[in-house]
Amino acid sequence: MIDPQTLGDEELMRLTRAGDEHAFTVLYRRHQGPVYRFALQMSGSESVADDVTQEVFLALMREFFRFDSSRGSLAPYLYGVARNQVRRHLERGKFQVPLDGDEASSFEPIIAPGGPLEDLTLLEGLSALRQAILTLPLHYREVVALCDLEEMSYEEAARSIGCAVGTIRSRLHRAHALLVQKLREANETSSGVRSNSMRCFT
Amino acid sequence: MNCSEFEACLLDLVADRSQADLVCAEARSHASTCSRCAARLAEERALVAGLRAWADSARHETAAAHVEDALLTRFRELERAKAAAPDIQSPKRAVWKSPGYVWLAASVLLLVGWALIQFTRETGVDQAQGQPPPKPLARSEEKAAAAPKKIPSLGGVAAGADGVGPRSDTTHPEGLAALPPPERGISLKKRPEPSSEPVRKPVHPVKPRPPQVSTPVTEGRIQYAARSLGRNERLPEAERTASDRVETEFLPFMAAGHQFPSEQRQFVRVKLPRSALQVFGLPMNMERAREPVQADVLLGEDGRALAVRFVRD
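Protein sequence lines, in the order shown, are assigned to chains A and B. Reminder that position 61 of the first sequence reads as 61 in our numbering, one-by-one numbering, no gaps. Reminder that position 194 of the second sequence reads as 396 in our numbering, one-by-one numbering, no gaps.
If you're looking for bench data, these hints aren't it; they were derived computationally from the structure. These figures come from a predicted structure and were not determined experimentally. Careful, some of the hints might be misleading.
Unchecked claim - Some chain A residues close to chain B (C-beta under 8 Å, calculated; not the full set): (1) 40; (2) 129; (3) 148; (4) 149; (5) 179.
What the hints assert, rightly or not - From the structure, some residues in chain A lie toward chain B, with a derived Cβ separation under 10 Å: (6) 37; (7) 39; (8) 41; (9) 46; (10) 53; (11) 61; (12) 62.
We put the beta carbon where it would ideally sit given N, CA and C, even for glycine.
Just need the whole structure built from these sequences, with the hints factored in.
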């Protein structure tokens, strides 16, 4: 008997199509983490991330035939579905008002650590960074989530989003510039000091 | 390298993604001379470090357990639904239903149909041309032989003779006496509309072929076959007047058996009571029961009736 844990995604997909529940479970456990984290980084909400993860695998279950292994591996495909689901949730969320104590953390102001980008690896710095990412426009946020947080290559991110590699590269560059700017501004607001622009184009 | 170029390769420099060491070296040397770009490099490194730290801290975050439970429940429901309705459209079937495949299938069918028609026509002409010279014909057949011949496939013994034989308005005495068993099936053939194109004579005279006995089929099933004629398959002039004509195959009389000697023979057009159709297993319109039905009787050399076919003009 072959252990499904050792099988590749394609074989697991084939078994799942044939009705093998164990194969589907292995497939889910293998990919749910990255999908969940991506949704969490994009939305900043655990409940939305849970919903998105569930929707992604439900879509996979209902429409197996949509996944074409000749066009790439399963992970970018799942990220692509997750991206669409997150966008849908965020669009819906525009018209929703959060109740007291319900995920209010995403509305906290960005508080940067002592110096400008001094140490983002500290807990406070991480929190500030997270909030700064959540304020980025969606198309910048998703490249940060895929390339920086999920450590995807530019090519894989391009496949997930459905754009050119050059687009990913330029968006990531712009996203980083925006993040630096936001963190710097937050630091200046907290310290009351406004420094000159760090950019130079000599 | 200037500051703009430095900015362009900053991401690769920090993430160690740059493949060109020369570019990296130039960027580092620029940062060592430009304080603002050096600060930018430091900021970018801090940002990337922070992002990596966040990624590491979130590496073990997973979806809640209830998500997996809900998915497995849904999976089981779908499998149960599939088992209950096995004719649910499968993904493969959906692929085959795509317009591309439908067009391909239609094209292949058209191509095969066209090839079959061409093959049938060529075979018919070859058979007509490859037959030996005809035997001496009876008077009625001589008349028919002088006229352009019908294609052999028009219906067995009908080649060169049917439709032009002497007509008789009398009921054939033997025709009713020796009817075949009623379970015999009969295939009907519908003649095509007369064509306005000029009649072409075949290169070689066509010998009348031995009569073709109809193949028994299941009771009550009558096959209607509409045929199209090619350029070399024109009807004789006499037959062109008969529009929308339907005729059966020749039905042998029991007395004659199923063997038809290739001797001289004659066709006689007679009228039979319409009830004779029922005896041969053909459908009969009861409202027209009093009207007679036309038939061609095949006579042997000795004047014996060998077979009969029904004709409807």
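A quick look at each hint next to the structure:
Here the hint on residue 40(A) is kept, as its CB sits about 7 Å from the closest CB of chain B, short of 8 Å. Given the 8 Å rule on beta carbons, the hint for residue 129(A) holds: about 5 Å separates it from the nearest Cβ of chain B. Look at residue 148(A): its Cβ gets to within about 4 Å of chain B, closer than 8 Å, so that hint holds up. At a threshold of 8 Å, the smallest CB-CB gap from residue 149(A) to chain B is about 4 Å, leaving the interface hint in force.
Taking 8 Å as the C-beta contact cut-off toward chain B, the hint placing residue 179(A) at the interface holds, the least distance being around 6 Å. Nearest Cβ of chain B to the Cβ of residue 37(A): about 6 Å, under the 10 Å cut. The hint holds. Checking residue 39(A) against chain B by beta carbon gives a least distance of about 9 Å; that is within 10 Å, so the hint holds. The interface hint given for residue 41(A) is met, as the beta carbon of that residue sits about 7 Å from the closest beta carbon of chain B, less than 10 Å.
Because the beta carbon of residue 46(A) sits about 8 Å from the nearest beta carbon in chain B, less than 10 Å, this interface hint is met. The criterion of a C-beta within 10 Å of any C-beta in chain B is met by residue 53(A), whose closest approach is roughly 4 Å, and the hint holds. The beta carbon of residue 61(A) comes within 6 Å of a beta carbon in chain B, closer than 10 Å, and the hint placing it at the interface holds. The interface hint given for residue 62(A) holds, since its Cβ lies 7 Å from the closest Cβ of chain B, which is under the 10 Å cut-off.
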